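Once you've looked at the hints, go ahead and assemble the two chains, each given alone in its own frame, into the complex.
Chains as they are written, first to last, in UniProt numbering: chain A, 1 to 275; chain B, 1 to 267.
Derived by calculation from the structure, the hints in this document are not laboratory data. One should not assume that every hint holds.
[As the list claims (entries may be wrong)] For the chain A half of the interface with chain B, some residues (derived, Cβ under 7 Å), not all of them:
| # | residue |
| --- | --- |
| 1 | THR74 |
| 2 | ARG94 |
| 3 | MET102 |
| 4 | ASN108 |
| 5 | ARG112 |
| 6 | THR113 |
| 7 | GLY122 |
| 8 | ALA125 |
| 9 | PRO129 |
| 10 | LEU133 |
| 11 | LEU134 |
| 12 | LEU136 |
As the structure is a computational prediction, the values presented were derived from the model and not from experiment. Don't be surprised by glycine CBs; every beta carbon is placed ideally from N, CA and C.
Next come the chains, spelled out residue by residue.
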Amino acid sequence: MHTDARRVEAGDIPASTSWPVELKSVSVTYPNGTKALQDVSLRIEPGEMVSIVGLSGSGKSTLIRTINGLVQATDGTVTVGPHEITGLSGRRLREARGHIGMIFQGFNLAERTDVFHNVLVGRFAHSSPFRTLLGLPTKADRELALRALDSVGMLEKVWARANALSGGQKQRVAIARALTQQPSIMLADEPVASLDPPTAHGVMRDLRRINGERGLTVLINIHLMDLARQYTTRMIGLRDGAVVYDGPAGAATDADFEQIYGRPIQSDDTLDARA
Amino acid sequence: MTTGELAVPARPTNRFRTALIVAAFVAFTVATCIPAIGGIDLDVGAIVRNWRNGAGKMLQLLQPNFAFLPRTWAPMLETLQMALVGAVASAIVSVPITLWAASPTNPNSWTRITVRTLVNIVRSVPDLVFATVLVAMVGVGALPGVLTLFLFNIGIVVKLVSEAIDSSDHGYMEAGHAAGGTQLQINRVTALPQTWPLFANQWLYTLELNVRISAILGIVGAGGIGRILDERRAFYAYGDVSVIILEILVVVILIEIMSNLLRKRLV
Ligand SMILES: Nc1ncnc2c1ncn2[C@@H]1O[C@H](COP(=O)(O)OP(=O)(O)O)[C@@H](O)[C@H]1O
Ligand SMILES: [Mg+2]
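Looking at chain B on its own, in the form it has when it is part of the complex (with noise of 0.2 Å):
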């Protein structure tokens, strides 16, 4: 070790990212202090004015009523066929789109940037909104909720997986074209199978979402137990609401240790 005095470079600074930063800064409290320009006016003595109110709504929530769950089984059943059947047939649609948004698996950019900006849309719209339309065009029921959970995991998978695909290593493929394969034969032998756990972790992710959303779907008339819940509040049934919300949480719980434990054989 010498001893003396170390010539240590300058660290650069990023005038960039510290300007960023204060002008991300400067935008939230402006946007949530004024009220004249879209700030959001939080009126605290409302809380104060109505916590008896909502008090009394609280102790009828902690009072489930499970006399009304044997009622609850058939639209709690619907609730895990929308899910499981959005899940899957997005699932099989996305395998190629997937392939089609990714440039190692696709390189021609015209039609890779076409799929990529549908794709952008259809996820940039939410899915409650999705799920309003599509009732008003096919109906009340369980069928346009499907479709909207579909749409949705579309524009979840095709967005994870291709950007995942874009920025692993795929030596492979050079020695795929070198051989003087096509790209669908690459992407068939080669690429699917080494892209397949990053596939099945999103569509397992997707499977947890669908019953989670489609819950809520059943309010704008989308099907499953979302339709009964908002039926319920409706009738200001705060204890069958109750044993709504708690059936919901243990599905959504075991649905999540089931894909967790699925997960961990996959990979």
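This is chain A alone, in the form it adopts within the complex (with noise of 0.2 Å):
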């Protein structure tokens, strides 16, 4: 990975390439005994953007999770790009994190930090600790961090605190974080929750944006379906912990949708009602 940095440096590659995620009989059950997810399969190829949708508690937040290894599959194989992630830990697992990248609902900043040292932490699995721990970063990984905020649109706060700004900088921080690991994937948990609808659309817009200039692979956990419907093309419906729904987003009908919910349409199930 040291060779590829030095090469993006030359500017002689493309910055990544994208990968696919595929889930094999998937199950995840947490200590408590919750089934939070029950014989999942599916495969996403590179490129694609893809929404997964269910109400709270049906297993989102699970699935994406396991895409990374932050919860442990109980049952099944997750596989993304070159890496069998369920088979990973420690050194191997993080190598393998520092090509996905993610970001949350709550942000997920350091809040006393300042912008630029809250997007060099999607360096960390690239870089040497011992440079992180001195304080150190390389030409070629300031650089990276720079370019992402730019393309963000946030280089100017660059040297702001993170607790000194909006909630839609914020996510555009964490947009700029993850792109600077120069990600083969992107996952975002519920990324416009906490936003208001303007903000909420030019973050979806952000997103559908990386998407299509990089090709990357991007994967949105949302429970709002105008949303899911106008800025993805693929729908994976989730309830109960299974996949109950799987086609294209655009096309997808207020049936599919209460078949997905197991439940008739409310108002809050779509974000330009609640504006």
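Right, dumping it as structure tokens:
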């Protein structure tokens, strides 16, 4: 990976390649006995823009977390690009995670740290721990962080503390942090659930642009049906930890959503009804 | 608004807590009233009988002998040095130990429990006991005083800051793990700036405490102003004692004012 970084610095290869994701009969049972996922199998091709929809508690977060190993599958295998995540631990798991970007509902920034160092977190897996400890990023890492900030329009805030930013700005910084990893796949767990409608659309557009320009595989957990239809091309519906829908997102009908939710559509299932 | 009966659910009663309060009350009464099982035998009569004696001492204390002041400079300086050296040394050492002792920054429960246990043992030893033992080990002077303050401060900082880290929100750590960082990288780049104000607060607090404590430590031979305080008291020179007490009071207040000013700038 170090050679990759050098070649990127020289500007002669695209930042990253896009990876497929494959789940084979994946089940997750939490230590308290909750069965969060039951026998989930699916394949996502490189460059797809996929939404995972379902009610709260249906297992969306669990599914997306098994992909980078934040949650360990109890059964089955998860493969991301060349890595079989379910068989990895320690250094090899961290190395794989280095290629998997992730953003969160709560942004998960270090609030008292400036934007620059928050974004440099994206280089952890790609730089020597020694340099990190001394606080000396390489020129290439610095460059990647600044370019990522620029690409989400947050470069001017590079020296601001994270707690001085608005919610939308925080999520953009979080996207920049993930892009700084030069990821081969991007995971988003309810990325707009804490944002007001205009800002939510802005962040969804950013994600669509990343998918379009870089051809990056993007998986988004979302519980709002209009955003899923508008911004993603494929939709996976979860109910009680099982896949109950898998098809094109734009053409999904209200009846499809009712089937996923297991109840009639309500006003808070869409973003624009709330606005 | 609707009128009529409100169906207010019954307020849950906490029998356990009530029982605990009653038990504590009973235990307190028993322990203080029955001398035979270790109660405190307060002899109010003694206070009245010794009143004349005490009043005389008080009069002497109210006449501070300011001519003695110059002789206190050097010991007071030594006290301040002990307080500062103890606080700074413990501040440096407290950082890695604290991060070891908090669960978000150290997921390994074995090392965490070991560090916590050691720190709790250090904390449970009274500072005067440390000082007495250390004076016996390394001899009379400032060194045992500094070592006592160092151990005492580590106990305070590690316990209070690691508990604050445990109870704070640390979503940023999840992001660090998701990006493939090691715990050490995450601690260095995100946890440390995040917890730095917690540390700074406790460091200033230990500095304040140290000035107060090191005034006492001299009594068991651990250097500083306490040594000369003890000496003057032994000579019944209450005018000198009173000057020393006033001086300690002024210094403690000054340090507190300074650290309050610093604290405001930190947050
Ligand atoms: N760490 C955990 N321990 C135990 N149960 C959990 C944990 N995380 C989630 N769950 C449970 O697993 C189920 C799925 O949760 P989650 O994946 O968070 O769903 P979603 O993201 O769709 O709301 C829920 O019943 C939830 O309560
Ligand atoms: Mg969730």
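Exercise. Should the interface hint for A:LEU133 be scored as holding, given a Cβ-Cβ cut-off of 7 Å against chain B?
Worked result: holds, 5 Å
For this session: Would you check whether A:ARG94 satisfies its interface hint, that is, whether its CB is within less than 7 Å of any CB in chain B?
Result: holds, 4 Å
Exercise. Is the interface hint for A:THR113 satisfied, with its Cβ closer than 7 Å to some Cβ of chain B?
Worked result: Holds, because the Cβ-Cβ distance from A:THR113 to chain B comes to roughly 5 Å (cut-off 7 Å).
Exercise. Can we keep the A:ALA125 interface hint, with Cβ of chain B closer than 7 Å?
Worked result: holds, 3 Å
For this session: Hold the hint about A:PRO129 up to the distance rule: shortest CB distance to chain B must be less than 7 Å.
Result: The hint holds - A:PRO129 has a Cβ within 7 Å of chain B, the shortest such distance being about 6 Å.
Problem set entry | Hint check, A:ARG112 versus chain B [nearest Cβ-Cβ separation less than 7 Å] | holds, 5 Å
For this session: Answer holds if the nearest beta-carbon of chain B is closer than 7 Å to that of A:LEU134; otherwise answer violated.
Result: Result: violated, 9 Å to nearest chain B Cβ.
Problem set entry | A:GLY122 as an interface hint toward chain B, with CB separation required under 7 Å | holds, 5 Å
Problem set entry | Residue hint A:THR74, partner chain B, criterion CB-CB below 7 Å | violated, 20 Å
For this session: May I ask you to test the interface hint for A:LEU136 with respect to chain B, counting a Cβ-Cβ separation under 7 Å as satisfied?
Result: violated, 12 Å
For this session: With a cut-off of 7 Å on the beta carbons, see whether A:MET102 makes it to chain B.
Result: At about 4 Å, which falls below the 7 Å cut-off, the nearest Cβ of chain B leaves the hint on A:MET102 intact, so it holds.
Exercise. Is the hint on A:ASN108 kept, meaning its closest Cβ partner in chain B is under 7 Å away?
Worked result: With Cβ-Cβ at 4 Å, under 7 Å, it holds.
Against the hints set out earlier in the document, violations occur for numbers 1, 11 and 12.
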